[in-house]
Amino acid sequence: MLNVVSIMLAVSLSFGNRVRALARLIDRAMLERVSGHGLTVPQYHALRELFNEEGITQRELSVRLSTTEPAIMGTLRRMERQQLVRRERDVNDRRKINVSLAPRGRALRKRLQAHAQALNTAMRHGLSENDVVKFQSLLARIEANLAETIDV
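In my numbering, the protein residues as written are 14 to 165.
FYI, nobody ran anything at the bench for these hints, they're computed from the structure.
Note that beta-carbon positions come from the ideal geometry of N, C-alpha and C, so glycine has one too.
Keep in mind that a hint or two might mislead.
[As the list claims (entries may be wrong)] Label-pair distances were calculated between CB atoms; the ranges are: (1) Arg61 x Arg137: 14 to 20 Å; (2) Asn143 x Ser27: 36 to 42 Å; (3) Glu93 x Val32: 29 to 35 Å.
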């Protein structure tokens, strides 16, 4: 019979727990970098997507961020109050709401990209380029394995 220590060790070493712990640590590290700009991590992620493509719909943004539409709507409402984004009805389909950067949001681009680069540099510290390539390959394989088991 497994004892409590064995069970705790098995849980702490599971892929899921390790990946969740890493994701939480990355979010905490990013929050430290973006909170000085009055942002949350979800707001940072929304801005990052809008830096890549403005004028996308709220629905498309929620898909790209792997979140729900109600969650992204709340985030965008707060961002609109902070004058970071603008939301406007689509002229061709009034059911759709397009999201674009407001001047204040656009002005954060270089600073937020510098924060993201600094975080990536910190995460890669002590890793060779081969380590990074192998790690990314393994993550892609794990994602593919999981995608085969669920409806995505």
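The hints, checked one at a time:
The supplied range of 14 to 20 Å is met by Arg61 and Arg137, whose beta-carbon atoms lie about 19 Å from each other. Restraint check, Asn143 to Ser27: a C-beta distance of roughly 26 Å breaks the suggested window 36 to 42 Å. Taken as a hint, the range 29 to 35 Å holds for the pair Glu93 and Val32, whose Cβ atoms sit roughly 33 Å apart.
Figure legend: structure checked against the earlier numbered hints; the only hint not met is number 2.
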